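*Asks:* Okay, here's what each chain looks like letter by letter:
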Amino acid sequence: MTDRAFSRVDADDLASCVACGLCLPHCPTYRTSGADTHSPRGRIALIAGVRDGSLVLDDGVTEALDSCVQCMGCLPACPSGVRYDRIIAPVVEELTARRRGSRVRRRLILSPLGRPRLLRLLTLVATLAQRLRVLPRRLGVPRLSVRRPHASCASTGGGERVVIFSGCVMDAWYGDVHRDTHVVLTAMGFDARFSDPSLCCGALHAHAGLSSRAGKLEERVEKELAGATVVVNSAGCGAHLLGTLSGDGDRSTKVVDVMEFIDANIERLLDPYQPLSEPLRESVVVHDACHLRNLQGAHLATHRVLSHHHRPVPIPDEGLCCGAGGAYAIEHPDIARDIVSRKYSAIKTVTGADTRFISSGNPGCTGHLVANRPTTLSQIAVVHPVQLVARMITDTKIQRGE
Amino acid sequence: MPPCIGNLASVRDNPKLTTKPHELYLVSRDASNISGAAGALFMPRCLDDVVSIVSDCRRRNVPFVARGAGTGLAGGAVPPDGAVVVSMMSMNRIREIDPIGRTAWVEPGVLNADLSRATARYGLHFAPDPSSQQSCSIGGNVGNNSGGPHCLSAGVTSAHVVAVEVVLTDGSVVVLDTTGAPFDLRGAFVGSEGMFGIATAIQVRLTQNPPHHATVVVGFPTIDAGARAVSAIIAGGTVPSALEMMDAPITRAVEDYVHAGFPLDAGALLIIEVEGLLNGVESDIATCLRVCSEFGATSIRRAADEAERAVIWKGRKTAFGAIARIKPNYYLHDTVVPRRKLAEVLDAVGSIAHAEDLAVMNVFHAGDGNLHPLLLFDRREAGVMGRVHRAGAEIVRVSVEAGGVLSGEHGIGLEKRDFMNLMFDETSLAAQSMLRHAFDPHGLANPGKVLPSAAGCGDRQ
Numbered sequence: 001m002t003d004r005a006f007s008r009v010d011a012d013d014l015a016s017c018v019a020c021g022l023c024l025p026h027c028p029t030y031r032t033s034g035a036d037t038h039s040p041r042g043r044i045a046l047i048a049g050v051r052d053g054s055l056v057l058d059d060g061v062t063e064a065l066d067s068c069v070q071c072m073g074c075l076p077a078c079p080s081g082v083r084y085d086r087i088i089a090p091v092v093e094e095l096t097a098r099r100r101g102s103r104v105r106r107r108l109i110l111s112p113l114g115r116p117r118l119l120r121l122l123t124l125v126a127t128l129a130q131r132l133r134v135l136p137r138r139l140g141v142p143r144l145s146v147r148r149p150h151a152s153c154a155s156t157g158g159g160e161r162v163v164i165f166s167g168c169v170m171d172a173w174y175g176d177v178h179r180d181t182h183v184v185l186t187a188m189g190f191d192a193r194f195s196d197p198s199l200c201c202g203a204l205h206a207h208a209g210l211s212s213r214a215g216k217l218e219e220r221v222e223k224e225l226a227g228a229t230v231v232v233n234s235a236g237c238g239a240h241l242l243g244t245l246s247g248d249g250d251r252s253t254k255v256v257d258v259m260e261f262i263d264a265n266i267e268r269l270l271d272p273y274q275p276l277s278e279p280l281r282e283s284v285v286v287h288d289a290c291h292l293r294n295l296q297g298a299h300l301a302t303h304r305v306l307s308h309h310h311r312p313v314p315i316p317d318e319g320l321c322c323g324a325g326g327a328y329a330i331e332h333p334d335i336a337r338d339i340v341s342r343k344y345s346a347i348k349t350v351t352g353a354d355t356r357f358i359s360s361g362n363p364g365c366t367g368h369l370v371a372n373r374p375t376t377l378s379q380i381a382v383v384h385p386v387q388l389v390a391r392m393i394t395d396t397k398i399q400r401g402e
Numbered sequence: 001m002p003p004c005i006g007n008l009a010s011v012r013d014n015p016k017l018t019t020k021p022h023e024l025y026l027v028s029r030d031a032s033n034i035s036g037a038a039g040a041l042f043m044p045r046c047l048d049d050v051v052s053i054v055s056d057c058r059r060r061n062v063p064f065v066a067r068g069a070g071t072g073l074a075g076g077a078v079p080p081d082g083a084v085v086v087s088m089m090s091m092n093r094i095r096e097i098d099p100i101g102r103t104a105w106v107e108p109g110v111l112n113a114d115l116s117r118a119t120a121r122y123g124l125h126f127a128p129d130p131s132s133q134q135s136c137s138i139g140g141n142v143g144n145n146s147g148g149p150h151c152l153s154a155g156v157t158s159a160h161v162v163a164v165e166v167v168l169t170d171g172s173v174v175v176l177d178t179t180g181a182p183f184d185l186r187g188a189f190v191g192s193e194g195m196f197g198i199a200t201a202i203q204v205r206l207t208q209n210p211p212h213h214a215t216v217v218v219g220f221p222t223i224d225a226g227a228r229a230v231s232a233i234i235a236g237g238t239v240p241s242a243l244e245m246m247d248a249p250i251t252r253a254v255e256d257y258v259h260a261g262f263p264l265d266a267g268a269l270l271i272i273e274v275e276g277l278l279n280g281v282e283s284d285i286a287t288c289l290r291v292c293s294e295f296g297a298t299s300i301r302r303a304a305d306e307a308e309r310a311v312i313w314k315g316r317k318t319a320f321g322a323i324a325r326i327k328p329n330y331y332l333h334d335t336v337v338p339r340r341k342l343a344e345v346l347d348a349v350g351s352i353a354h355a356e357d358l359a360v361m362n363v364f365h366a367g368d369g370n371l372h373p374l375l376l377f378d379r380r381e382a383g384v385m386g387r388v389h390r391a392g393a394e395i396v397r398v399s400v401e402a403g404g405v406l407s408g409e410h411g412i413g414l415e416k417r418d419f420m421n422l423m424f425d426e427t428s429l430a431a432q433s434m435l436r437h438a439f440d441p442h443g444l445a446n447p448g449k450v451l452p453s454a455a456g457c458g459d460r461q
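If you read the sequences in order, they're chains A and B.
Read in order, the letters of the first sequence are residues 1 to 402 in this note's numbering.
Read in order, the letters of the second sequence are residues 1 to 461 in this note's numbering.
FYI, nobody ran anything at the bench for these hints, they're computed from the structure.
Remember, predicted model here, so these are calculated numbers, not experimental data.
Any given hint could be a false lead.
Unchecked claim - Listed next, with one range per pair, are the computed distances between beta-carbon atoms:
1. A:SER54 - B:GLY187: 35 to 43 Å
2. A:GLY297 - B:SER35: 34 to 42 Å
3. A:THR394 - B:LEU278: 45 to 53 Å
4. A:ARG137 - B:ARG380: 30 to 38 Å
Stated by the list, open to error - A few chain A residues facing chain B, derived, Cβ under 10 Å:
5. GLY49
6. GLY53
7. ALA64
8. GLU282
Even glycine gets a Cβ: it sits at the ideal position worked out from N, Cα and C.
The task is simple: from the sequences and hints, build the whole structure.
*Replies:* So this is what it looks like as structure tokens:
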């Protein structure tokens, strides 16, 4: 069996790695372990080694490949243009398929996604568990509520129509981000409506190597959202939707990250809400989600949008991943914790006693950052950047007596 | 089993050693095309760990190789068969920064660029800046006495190392510095390619960040014109902080990746950077550009801001990797020739590659005559390695004949070992062997490298 392992990986993709090592510092697992086995260069060599028969696909190789967070930090770092994304995806899928146990476990963990009633039921149970303090904090689940604060967001009826992608986890757990997204887009004069919460993009399934379930979910989304302008406030969903919707399918469907959308239409925000003068701007530490930075190349929009009313502060670690990675933090808690503590070390170099916010555009990162926030930084809240814009709008309205 | 390998099996009893095949597979190579076969891997976390493994290796007569980030291009970190690879990447703390004395004590696994990032808040940096500086370790820089574009004016690693804490083959720990001893043993250690022991801490000199700089990209119709301009700039008395050249094919490959706005119609590009006080910078850059114009410069573009400067350097420093856009493998050489011979040798390099039917690209430190011809190939093509090695050998021969040397900064490692006698006579090779013997009488530290007939282990290989 092993001789045919990884035969789906493209031979030219593998050969395009010249092993220069320029990817190494951009890999979160290599950064924390220092081991060649935990680096993109190493993983590519292992895949090539297994493929050409120099190595046996044993537990060691499996662990090394499994430990990849798939943050794709190596992609923009690679001068050779090695398509690590195309190399690792079929490998993860094959590894998942080879291990029945892990496949079943992953399917079980992800089963509520795309099934809103089941997810809401589980959320109800989890909310109770959270109130009773029996839900482990390390799972990174935000403070839950059975209410969906965005459920009452009504369509304004006027302006250009945009669809806010409801998503599964965002809808059930981050209703306040949805509500704030609606506040901002409405204030900018758009007619914003939510997509059906049963539409799940399938990103987590694809990330976990469950491609058939992912495919089914993607197909539904593609059908339901054809032709719409889809504004996404979960970077993970956004990156996946970009790959599945804007690819060879219906090209008229437009997928855009909410901060990128605001940036592209910034005059609609700045007209009613003039930029603040420099001394009045509050500093915000901006965490760039890998999905925005490495896959969509859209992270700078967040910095630009925030720069009008806040003072965005980049984290001085060259955009290294935080270790959340879909279900990664659950499956590899030790590595994920090492990675996030490195992230917080970098964050600490730019925070002061008056820092109140870290912005994060991806729910996975948000949960992971909150769950692992060191006690010395407990005064800092992790919020979606759109929430800061919404808060600015609300505050201004109050000041104006509207 | 090679004759000098002792009882590795008993070393393997050490619980901190790993012998998993996939781990050994990866540490059996570096960024060159050479690979070996590691016997075991050890990742020390502190000085005591290093002392224990080195002592263990000594007791059982097993060779060991210190390894950094594995970005070396001359096979220096490639283990001799059965050796214990000691990966220093977990010893990666910056122990202390002394902004007043402008020094820092760092562990060998600290990445070059991380050190400069950490000292930025004091307005200081570590001057040696190899193109791999994002990835390569300070330990590796010390082992190879690494250079980089800005070493033209700043000097290479040796000029920036104050002291080194070393574990010698017998397990003893010494601090080599310039005080007290009759010899500069620190200077001997820097560039010893892991053959004198393992560095466990390094005191580096930090350099003040320049208040101003000017970075200019100048296009020339031919490499020849650019090379003559380089020689004339330095002959005129101006030493810019960096003088880098890229030929047309590599410029196209790089531009495809970084979009730096490099002129694609030029036969060669010269990147000139001048640093210092504002007036000095302006007057020096004006002098450089005047010389360039005299030698027929076709375009001049000055970086308008820090972002433009960064992208120019990104283009220059990622050039090797960008090669894969053309062919999957490259063989990178690193010879140095006198500046006035640059044009002539580059011409010869072109003919050599042509004769072996190989594509060649050039990106190099023109200011110090350090050539980096890249021969491009696809390993999967039958018989190609023979052609590549023949062309490589010929390039070395031509460079040495022109009055040059084997290596500028990548080291000798395994790659250039057998060319050493092109440069050194028996007496000087014997002297080098004796020095190595003085540090490592048992020949266990990275044996078989650099010296073609080293004392000890290398003799018998």
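*Asks:* Look at each hint and say if it fits the structure.
*Replies:* Results for each hint:
A:SER54 and B:GLY187 have their C-beta atoms about 41 Å apart, which keeps the hinted 35 to 43 Å range intact. The beta-carbon spacing between A:GLY297 and B:SER35, approximately 35 Å, falls within the hinted interval of 34 to 42 Å. Against the hinted window of 45 to 53 Å, the Cβ-Cβ separation of A:THR394 and B:LEU278 comes to about 48 Å, which satisfies the hint. At roughly 51 Å, the beta-carbon separation of A:ARG137 and B:ARG380 lies outside the given 30 to 38 Å, and the hint is violated.
Taken as an interface hint, A:GLY49 checks out: its beta carbon lies about 6 Å from the nearest beta carbon of chain B, inside 10 Å. With 10 Å as the threshold, the beta carbon of A:GLY53 stays out of range of chain B, its nearest partner Cβ sitting at about 12 Å, so the hint is violated. Given the 10 Å rule on beta carbons, the hint for A:ALA64 holds: about 6 Å separates it from the nearest Cβ of chain B. Because the closest C-beta pair between A:GLU282 and chain B is about 23 Å apart, greater than 10 Å, the hint is violated.
Checked against the numbered hints given earlier, this structure breaks hints 4, 6, 8; the rest are met.
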